[in-house]
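There are 4 protein chains.
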Amino acid sequence: MIKAGIIGSTGYAGAEIARLLLKHRDVEIKWLVSRSFAGQNYEDIFRNLFELIEKECTDINIADMAEGVDVIFTATPQGFLQGSLTAGLLEKCRFVDMSADYRIKDVSVYEKWYGMEHHSPELLSEAVYGLTEVNREQIKKTRLLANPGCFTTCSILTAYPLMKEHMIEKDSLVINALSGVSGAGRGAKAANLFCEVNESAKAYGVTSHRHTPEIEEQLGYSYGEKLTVQFTPHLVPMNRGILATETAKLCKEHSYEEVRQVYDRYYKNERFIRVLKKDMCPETRFVEGSNYVDIGFKIDERTGNIILMGALDNLEKGAASQAVQNFNVMFGFDESEGIDDIPMVP
Amino acid sequence: MIKAGIIGSTGYAGAEIARLLLKHRDVEIKWLVSRSFAGQNYEDIFRNLFELIEKECTDINIADMAEGVDVIFTATPQGFLQGSLTAGLLEKCRFVDMSADYRIKDVSVYEKWYGMEHHSPELLSEAVYGLTEVNREQIKKTRLLANPGCFTTCSILTAYPLMKEHMIEKDSLVINALSGVSGAGRGAKAANLFCEVNESAKAYGVTSHRHTPEIEEQLGYSYGEKLTVQFTPHLVPMNRGILATETAKLCKEHSYEEVRQVYDRYYKNERFIRVLKKDMCPETRFVEGSNYVDIGFKIDERTGNIILMGALDNLEKGAASQAVQNFNVMFGFDESEGIDDIPMVP
Amino acid sequence: MIKAGIIGSTGYAGAEIARLLLKHRDVEIKWLVSRSFAGQNYEDIFRNLFELIEKECTDINIADMAEGVDVIFTATPQGFLQGSLTAGLLEKCRFVDMSADYRIKDVSVYEKWYGMEHHSPELLSEAVYGLTEVNREQIKKTRLLANPGCFTTCSILTAYPLMKEHMIEKDSLVINALSGVSGAGRGAKAANLFCEVNESAKAYGVTSHRHTPEIEEQLGYSYGEKLTVQFTPHLVPMNRGILATETAKLCKEHSYEEVRQVYDRYYKNERFIRVLKKDMCPETRFVEGSNYVDIGFKIDERTGNIILMGALDNLEKGAASQAVQNFNVMFGFDESEGIDDIPMVP
Amino acid sequence: MIKAGIIGSTGYAGAEIARLLLKHRDVEIKWLVSRSFAGQNYEDIFRNLFELIEKECTDINIADMAEGVDVIFTATPQGFLQGSLTAGLLEKCRFVDMSADYRIKDVSVYEKWYGMEHHSPELLSEAVYGLTEVNREQIKKTRLLANPGCFTTCSILTAYPLMKEHMIEKDSLVINALSGVSGAGRGAKAANLFCEVNESAKAYGVTSHRHTPEIEEQLGYSYGEKLTVQFTPHLVPMNRGILATETAKLCKEHSYEEVRQVYDRYYKNERFIRVLKKDMCPETRFVEGSNYVDIGFKIDERTGNIILMGALDNLEKGAASQAVQNFNVMFGFDESEGIDDIPMVP
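Residue numbers (the numbering used here), protein chains in the order written: chain S, 2 to 347; chain C, 2 to 347; chain D, 2 to 347; chain H, 2 to 347.
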């Protein structure tokens, strides 16, 4: 039985990790850390877990905590883990980090986009970027897992095979992505009140969203060269879901079948990536609550572009269930243990 | 391995039964019947199940079908099963019926409220009303299970202990219930279009909703006498959920603890009924996607009334998961097999 | 041209008053007070009013302000106005107060339900409760208008004629009301985040909601005796709207026509109260954005109860547009000036 | 007093025209045509208009109808008007058509994208494309107004000044647009049920949406050459609203101020086009219920792209209120008569 702790357990991603670990046959949750709710019953805050998790939230003491568990999940703000983690702590237990702290290999890029100093850059080389389907072999061996962002997971997995195969022009990718509101977190901000968000849509973080360099770095690895993408996120009134619509210039004419074969080559054996049938467009409701990514595409012969579409649940494959998937790989469990929920409709 | 068939598999309740049975370790789905979608791939209609159920919908032939399976779930319109079922069919396989056809013991009441003739009244005595927590022992032995309605399950379980113990005045119950839109089904009706329902609330079926006699009959059994309730359902803009708020006159003054003890006596050992802590009001989001019923109550000393509140998911405990719960009891499986999903937030 | 100021102009009700006054032919908005947003452009906060109101929010200085305007609208928290208002200020300008400070005539009831001392009880006798259709004559003459709450306006107007005519039993009224989320205000509370409220329904303030004594006091005036009601509010996921479903015991049997005649007698000439046709149930979407109250009712011969239903927009007839309606009456303008918006569907 | 008739008055756009004309000081609605609802009271269908429009829906007889009115608004399916209209009818009254029948000057393009024959191509030369701010002078003189589509109005007005000034590369425009559900109409289609649309997002009509040739034709006129755009529409769960996010390659480096000056030159005096302040992104809620288009933009120096964003209400500036705006221009009324509603928040 693996012992796990969660820091940042009262945010949406942290709470979802707790719910998933509860279902995991080989994990015992030892403690749930929350600064703001320390001393309160977890089940009183997340009443979906009423009678299921009967524990108090505890305040943070990362050194002590690392002693008693095998793995720590950190669903914490940017900067927390890179400011706390040491080589010594990594000797004691493994970390699955939901923040961006160890996602970007280039420290200067991190420091520029996140506007803060990185306090443990020496650990970056050990960190593995946890896009499971892409980096599975490295994930098996790491002690420090940098779990990808929600927009990034969706954007990258949708374009990855075509980028890797140089089928689309390197700098032509225009990514317009839609996100449900849970991506904005559980903090009490007026901008995320029901009445501020409901019945409306907007773009935000235009030209400046922090998932941009993460997408660019990873797709650059796939392509084999540095590249840029034009990434524009939008907020739409739903709880969960990411939909990425990616427009790219095809390097040359391709038939549906040719593109399809490439996707199948990469993803046919991936349980959690479903390439849809011809002419089907992914919808976020069909992946909600699950670890699935649904992908579709359409070639536009008029313009020479290909439109790629990917959908996932931002709190699952975009956060918590991918974290557990990576944890499963790191600890040698069946990759789908605890995260085999089937989306429900409606 | 139990073989199961589902008639009416492309409605919301039927599809939810399919999804739950897919997770059930002892069930194999043999066929999925849908008149409207016969010949189409089930995964093309319910793309949440893409790559998970690879079967075509079939047209209906109940006699042949009963030969090849152990149980048939009918998620069909009122009148279908009572017009098709025979003693002979019941010899071949067991039925779990989601419609009202065998819920009401008094044929004249059925015929009056549903405006149709009952064609198999001789089977009514064998039918068991599938409120699992109330009728568990009879359910074990039946071949014909009448699965309760969504409003009724919520309304009855919330009031049952107090009614049974004669703590509230017999005819004083005023039930105001809210329902999500999935309760209205998946038929193409203009009244259920997004833009007709979103951002609005209304009462409907006032004084005439068909769940009224079902609530009255069952609560009458609990009380030991016939009784009436004032039941007013409302439609609110959410996919799933029933919230029943029940106002009743207390027969005499009671403390919180006295009422609490009664609830605990009935429900403490029930896995799927959660009586909340003092002053907590149930919220539908905390039971969504699960078989739970959450119950709370509040005594008003000013008025001598008690306010009871119950919440469930209309497609789960109000339909599909309770059907599987009953199926589990009928066939001797662990009662929670296939229906142990934990609600997720948000 | 009447000069008006708004204190609390950056809450939902305050902003709605601003929007309505902007359309009013005889009003000029002199200043918009907001402590939290002082110094910011109003159009930057409420971008629906971009290019329409080009003013900065100012900090509060009620004495100076009263000098320069004819009327002050206060959309402020409970306690603000009763702690600031004096007979001297009332000499300078008239007040339309959206809070509960002067709604309840019995100071002890106010102090008990609101948990605060009342600092200007001497002004209570002058205050008029601004249910326009009920108290129009008194409103014409007052300098201090206590604008009713949203639940109360809906609950009272729906039951008023039958209560006044003693057609329903005095203490039998069970009011279950639904509210959109804007009723909870624009403050940054986690409980009102989109993801905490969306896709869920709950009762709240059960047995303790502060609109209870207001409803009881006013309906008691109508009936001619003190009475109690059982009032249970609910939160449902929509921006705007109040729906009140009121169950009452009829004193004796009545036909539809008899009850209808009573409603017509009271409301036929009221522009903003629409008694619907037989069997029509009000829906909040049909009054959204307008000053209308839609009312329907249904007699249940089985139980001897009558079900009354009323719908209004909590920010309009339940707050801002009724405030402007009262202002129009106070200053002798056409009662519908500035508030004649027609609800739009969807 | 202008006499007007509406054909297709029970769809969302038709009903919105009725509501707007009701507020118009110089218009009298003579008849409301609806095949499906002929003989029914209009106020029973659109109960927002209860007591405000007391007319029965009539069946269609376009020849007779044209005799008695000055203008006919057709909110009808594609193909209706081009199959009914004749030069003779145009002698009798003027037409404002909401369909695409006369929007596209090139008949072969119309026939290809709409899959139907055009029966009155001889009238195309007389038809004026009703983008008011672009074609105002021609609109003044026309008898046949082709009112633009919702996506097209938003997409074109957002890009128009930069396209006209050749500031962006001709074929580089990637338009990703989001639409509320009312754009799908009021027909009883299962795909538009609340539970099929709520809590989900999807792209649709990818590479094949019929607004594509309309955008291309009009932007081609602006640019002075034929061009192509990559247009991908999405459905998001809200009643109303279009948000267009347009990514284009700048022909050369431009500062914010340079681009801003161009927008100001074209739109500064346009009442209904609001170019937002620097760094502000339009949100659909801030234009809902109004004739406004809100526009913002952001230059990305990293990529050399400019991101343009436009928001409007698909039923207003994207349909009904623009139709009335065009009607006002055609008949010489103040352009804002009847359509000066201010968006309300929330």
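For the record, the hints were derived by calculation from the structure and aren't laboratory data.
What you are looking at is a predicted structure, and each value in this text was computed from that prediction instead of being measured.
Heads up, some of the hints might be wrong.
A pair counts as met if it fits within one copy or between any two copies, since identical chains are not told apart.
Claimed, not checked - Below are the DSBU-like pairs computed for lysine-lysine, each with C-alpha atoms no more than 30 Å apart in a straight line: (1) Lys113 <-> Lys31; (2) Lys253 <-> Lys56; (3) Lys56 <-> Lys299; (4) Lys253 <-> Lys31; (5) Lys171 <-> Lys4; (6) Lys253 <-> Lys4; (7) Lys24 <-> Lys56; (8) Lys165 <-> Lys250; (9) Lys253 <-> Lys227; (10) Lys190 <-> Lys278; (11) Lys24 <-> Lys250; (12) Lys93 <-> Lys299; (13) Lys190 <-> Lys56; (14) Lys113 <-> Lys269; (15) Lys227 <-> Lys190; (16) Lys253 <-> Lys141; (17) Lys227 <-> Lys250; (18) Lys4 <-> Lys190; (19) Lys4 <-> Lys250.
Hints, verified against the model:
{"no.": "1", "hint": "Lys113 <-> Lys31", "verdict": "neither (36 Å within a copy, 45 Å between copies)"}
{"no.": "2", "hint": "Lys253 <-> Lys56", "verdict": "neither (58 Å within a copy, 38 Å between copies)"}
{"no.": "3", "hint": "Lys56 <-> Lys299", "verdict": "between (49 Å within a copy, 26 Å between copies)"}
{"no.": "4", "hint": "Lys253 <-> Lys31", "verdict": "neither (55 Å within a copy, 46 Å between copies)"}
{"no.": "5", "hint": "Lys171 <-> Lys4", "verdict": "neither (44 Å within a copy, 53 Å between copies)"}
{"no.": "6", "hint": "Lys253 <-> Lys4", "verdict": "neither (52 Å within a copy, 51 Å between copies)"}
{"no.": "7", "hint": "Lys24 <-> Lys56", "verdict": "both (16 Å within a copy, 29 Å between copies)"}
{"no.": "8", "hint": "Lys165 <-> Lys250", "verdict": "both (15 Å within a copy, 25 Å between copies)"}
{"no.": "9", "hint": "Lys253 <-> Lys227", "verdict": "both (21 Å within a copy, 23 Å between copies)"}
{"no.": "10", "hint": "Lys190 <-> Lys278", "verdict": "between (41 Å within a copy, 23 Å between copies)"}
{"no.": "11", "hint": "Lys24 <-> Lys250", "verdict": "neither (43 Å within a copy, 42 Å between copies)"}
{"no.": "12", "hint": "Lys93 <-> Lys299", "verdict": "neither (49 Å within a copy, 47 Å between copies)"}
{"no.": "13", "hint": "Lys190 <-> Lys56", "verdict": "both (27 Å within a copy, 25 Å between copies)"}
{"no.": "14", "hint": "Lys113 <-> Lys269", "verdict": "neither (38 Å within a copy, 37 Å between copies)"}
{"no.": "15", "hint": "Lys227 <-> Lys190", "verdict": "neither (36 Å within a copy, 43 Å between copies)"}
{"no.": "16", "hint": "Lys253 <-> Lys141", "verdict": "neither (37 Å within a copy, 48 Å between copies)"}
{"no.": "17", "hint": "Lys227 <-> Lys250", "verdict": "both (17 Å within a copy, 20 Å between copies)"}
{"no.": "18", "hint": "Lys4 <-> Lys190", "verdict": "neither (34 Å within a copy, 34 Å between copies)"}
{"no.": "19", "hint": "Lys4 <-> Lys250", "verdict": "neither (48 Å within a copy, 50 Å between copies)"}
Violation of the numbered hints given earlier is confined to hints 1, 2, 4, 5, 6, 11, 12, 14, 15, 16, 18, 19; the remaining hints are satisfied by the structure.
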